[in-house]
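Number of protein chains: 2
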Amino acid sequence: MEHSSSSSNRNNDQVSPVASLYNGIIIVIDLIFLFIKFWFRTFVELYESFTTKERDVSNDIILITGTGHGIGKELALQYSALGATIVCWDINEQLNLETVKLIKSKGGKAHGYTVDVTNREKVLETGNKVLTEVGDITILINNAGIMPQHEMLKHTEGEIRKVFEINTIAHCWMFQAFLPKMIENNKGHIVALSSIAGIVGFKNLVPYCGSKFAVRGMMEALAEEMRLYSNGTSKIQFTTVYPYMVDTGLCKRVKIRFENFLRLLKPAEVAAGIISAQRRGISELTVPRYMFFLNSFLRNFPAASSLLVRDFFDSGIESDM
Amino acid sequence: MEHSSSSSNRNNDQVSPVASLYNGIIIVIDLIFLFIKFWFRTFVELYESFTTKERDVSNDIILITGTGHGIGKELALQYSALGATIVCWDINEQLNLETVKLIKSKGGKAHGYTVDVTNREKVLETGNKVLTEVGDITILINNAGIMPQHEMLKHTEGEIRKVFEINTIAHCWMFQAFLPKMIENNKGHIVALSSIAGIVGFKNLVPYCGSKFAVRGMMEALAEEMRLYSNGTSKIQFTTVYPYMVDTGLCKRVKIRFENFLRLLKPAEVAAGIISAQRRGISELTVPRYMFFLNSFLRNFPAASSLLVRDFFDSGIESDM
Numbered sequence: 041m042e043h044s045s046s047s048s049n050r051n052n053d054q055v056s057p058v059a060s061l062y063n064g065i066i067i068v069i070d071l072i073f074l075f076i077k078f079w080f081r082t083f084v085e086l087y088e089s090f091t092t093k094e095r096d097v098s099n100d101i102i103l104i105t106g107t108g109h110g111i112g113k114e115l116a117l118q119y120s121a122l123g124a125t126i127v128c129w130d131i132n133e134q135l136n137l138e139t140v141k142l143i144k145s146k147g148g149k150a151h152g153y154t155v156d157v158t159n160r161e162k163v164l165e166t167g168n169k170v171l172t173e174v175g176d177i178t179i180l181i182n183n184a185g186i187m188p189q190h191e192m193l194k195h196t197e198g199e200i201r202k203v204f205e206i207n208t209i210a211h212c213w214m215f216q217a218f219l220p221k222m223i224e225n226n227k228g229h230i231v232a233l234s235s236i237a238g239i240v241g242f243k244n245l246v247p248y249c250g251s252k253f254a255v256r257g258m259m260e261a262l263a264e265e266m267r268l269y270s271n272g273t274s275k276i277q278f279t280t281v282y283p284y285m286v287d288t289g290l291c292k293r294v295k296i297r298f299e300n301f302l303r304l305l306k307p308a309e310v311a312a313g314i315i316s317a318q319r320r321g322i323s324e325l326t327v328p329r330y331m332f333f334l335n336s337f338l339r340n341f342p343a344a345s346s347l348l349v350r351d352f353f354d355s356g357i358e359s360d361m
Numbered sequence: 041m042e043h044s045s046s047s048s049n050r051n052n053d054q055v056s057p058v059a060s061l062y063n064g065i066i067i068v069i070d071l072i073f074l075f076i077k078f079w080f081r082t083f084v085e086l087y088e089s090f091t092t093k094e095r096d097v098s099n100d101i102i103l104i105t106g107t108g109h110g111i112g113k114e115l116a117l118q119y120s121a122l123g124a125t126i127v128c129w130d131i132n133e134q135l136n137l138e139t140v141k142l143i144k145s146k147g148g149k150a151h152g153y154t155v156d157v158t159n160r161e162k163v164l165e166t167g168n169k170v171l172t173e174v175g176d177i178t179i180l181i182n183n184a185g186i187m188p189q190h191e192m193l194k195h196t197e198g199e200i201r202k203v204f205e206i207n208t209i210a211h212c213w214m215f216q217a218f219l220p221k222m223i224e225n226n227k228g229h230i231v232a233l234s235s236i237a238g239i240v241g242f243k244n245l246v247p248y249c250g251s252k253f254a255v256r257g258m259m260e261a262l263a264e265e266m267r268l269y270s271n272g273t274s275k276i277q278f279t280t281v282y283p284y285m286v287d288t289g290l291c292k293r294v295k296i297r298f299e300n301f302l303r304l305l306k307p308a309e310v311a312a313g314i315i316s317a318q319r320r321g322i323s324e325l326t327v328p329r330y331m332f333f334l335n336s337f338l339r340n341f342p343a344a345s346s347l348l349v350r351d352f353f354d355s356g357i358e359s360d361m
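Protein sequence lines correspond, in order, to chains A and B. For the first sequence, the numbering used here assigns the number 361 to the last residue and increments by one with no breaks. For the second sequence, the numbering used here assigns the number 361 to the last residue and increments by one with no breaks.
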């Protein structure tokens, strides 16, 4: 069971006292530098979060999945209004074509493709088509998702598999279709739609929460992979968004105590939040934004304590059954 | 797009000043009480985390998945040594039988079943068999998992689907097989094996991180669902464990800067940590435990700052290719 590490030589039992002392001093100095760099970086990031301007996207080619309705459609319309070329992907051909038409009627540039994002082969094939027909995707927005809402025991096998196929695994196929070109160009931005249910667990949403927590994990791991494999030279950016409950038809029934504080968001508002975050290069944010900090803060306390705060706000999603 | 909430009457535009003042005072009083309860609960939980004794498990029937090797096997052996009856599930018949035999040779009680946990029908069917042949499961440990380690772009379609099927979706089938009896008896404990890669993203582990973050989300959502559907009377407990890299053959290549601080754990150590957490009813913990608090703390800072801490410890999993 013993693991022999080939990358380390610190396991030597015969270290002289001088060498130990030397090692100890080096580590202490390293720790002091870490402390200084940590706070310096924190203040720089804070400062930048207030001062960074939204970058121009008029030359971008933006692929969005799930453009047939809701947040995806809003993202397509709002990005188009900023001058970007939009590549609309949806499984529903008719709704998708309506979005494309709407963009074109306003003088925007849009291309529609009918794709089931859970079909890897189809994703790679259509991805190649997009690369030749439209050009290199500079911003990829993995938005398509479904949200069955009922007790764990009432979820069907098909529903559970579909939640993970669409909300989580499909992101992998999209990475495999578009990341190679981004790495080649050392340019690109991947945006993923998670959910407030991707940082907090809610009743009636057990598989959905799983699928959305997973998005956070994959995005964090992928960003880290790009950073490390490029020795920090990668310019590919990553943004994960956690919207609060959105009125897209996905949330069938919500209860909210403080209407003004925690009201149901409109797709247009969420889309605007996502676009602003992407343009400013923010890596993670909730919409509304304060929820992210509230969640991070409460995670320092026992679960039972943060449940008190949750119960105080008394909001949740009811079963659709 | 307007959502009309049936459960709220605070959206009224015609509120008199007296009523507003009254509402305001009520909310302020509620907030003060929340503040007091929050800190009281926090101190109680802290106190209990030091004083809670490990409960007796000698009358428990404990089902563990993935008992053929590694942490699952260790859990089976150690729980058996505490007098519990062990139900061993593994897809590998031979390895599983060896574990059962080993337990029996030491005078323990064990029952072996060959099951592919990704096959829902088989899980429900074998679950029913266990309930009649052995008895009600009082502790369920979802441990079975796989861990492919390479770049996102080198993961195959089959690998990615399998990671989610085994590490995440299978938990749903196990819930559906054993939760109904636990609800009926209002007694039971579900333990899930996540991973340090379920709270932090690592390179070479993009799908794996997704699958393990998902476990956290599902467990948190399910615990919340049980609490709310029972109006707080549910006695079913939930424990999610996030072990650091374990030497089970899953981690093929690791690099670690501080050997003693971040050394590879042995399955026996991790199993001991899990059993102690379960017996004390802890809802979430990493093995070693300090990592959980370190992660929660660092999540309050910008990602770039916590990356400095990560780079300082300089550990990660290398590709197996």
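Since the hints were made in silico from the structure, they are not lab data. Predicted, not measured: the structure shown is a model, and the values here were computed from it. Any given hint could turn out to be false.
Identical copies look the same in the list; a pair holds intra-copy or inter-copy alike.
DSS-like mimics (lysine-lysine), calculated; alpha carbons at most 25 angstroms apart, straight line [as the list claims (entries may be wrong)]:
| no. | residue 1 | residue 2 |
| --- | --- | --- |
| 1 | K202 | K146 |
| 2 | K149 | K194 |
| 3 | K162 | K202 |
| 4 | K221 | K194 |
| 5 | K141 | K306 |
| 6 | K306 | K146 |
| 7 | K194 | K227 |
| 8 | K169 | K194 |
| 9 | K194 | K162 |
| 10 | K146 | K162 |
| 11 | K221 | K141 |
| 12 | K144 | K221 |
| 13 | K275 | K162 |
| 14 | K227 | K141 |
| 15 | K93 | K144 |
| 16 | K221 | K146 |
| 17 | K77 | K221 |
| 18 | K77 | K149 |
| 19 | K77 | K144 |
| 20 | K194 | K146 |
| 21 | K275 | K194 |
| 22 | K275 | K202 |
Hints versus structure:
no., hint, verdict
1, K202 - K146, "neither (35 angstroms within a copy, 45 angstroms between copies)"
2, K149 - K194, "neither (44 angstroms within a copy, 34 angstroms between copies)"
3, K162 - K202, "both (17 angstroms within a copy, 20 angstroms between copies)"
4, K221 - K194, "between (42 angstroms within a copy, 15 angstroms between copies)"
5, K141 - K306, "within (22 angstroms within a copy, 60 angstroms between copies)"
6, K306 - K146, "within (22 angstroms within a copy, 62 angstroms between copies)"
7, K194 - K227, "between (44 angstroms within a copy, 20 angstroms between copies)"
8, K169 - K194, "between (40 angstroms within a copy, 22 angstroms between copies)"
9, K194 - K162, "between (31 angstroms within a copy, 18 angstroms between copies)"
10, K146 - K162, "neither (30 angstroms within a copy, 55 angstroms between copies)"
11, K221 - K141, "neither (28 angstroms within a copy, 54 angstroms between copies)"
12, K144 - K221, "neither (27 angstroms within a copy, 57 angstroms between copies)"
13, K275 - K162, "neither (28 angstroms within a copy, 47 angstroms between copies)"
14, K227 - K141, "neither (29 angstroms within a copy, 57 angstroms between copies)"
15, K93 - K144, "neither (28 angstroms within a copy, 67 angstroms between copies)"
16, K221 - K146, "neither (30 angstroms within a copy, 58 angstroms between copies)"
17, K77 - K221, "neither (34 angstroms within a copy, 53 angstroms between copies)"
18, K77 - K149, "neither (45 angstroms within a copy, 55 angstroms between copies)"
19, K77 - K144, "neither (49 angstroms within a copy, 56 angstroms between copies)"
20, K194 - K146, "neither (44 angstroms within a copy, 41 angstroms between copies)"
21, K275 - K194, "between (44 angstroms within a copy, 21 angstroms between copies)"
22, K275 - K202, "neither (33 angstroms within a copy, 31 angstroms between copies)"
Comparing the model with each numbered hint stated earlier shows that hints 1, 2, 10, 11, 12, 13, 14, 15, 16, 17, 18, 19, 20, 22 do not hold.
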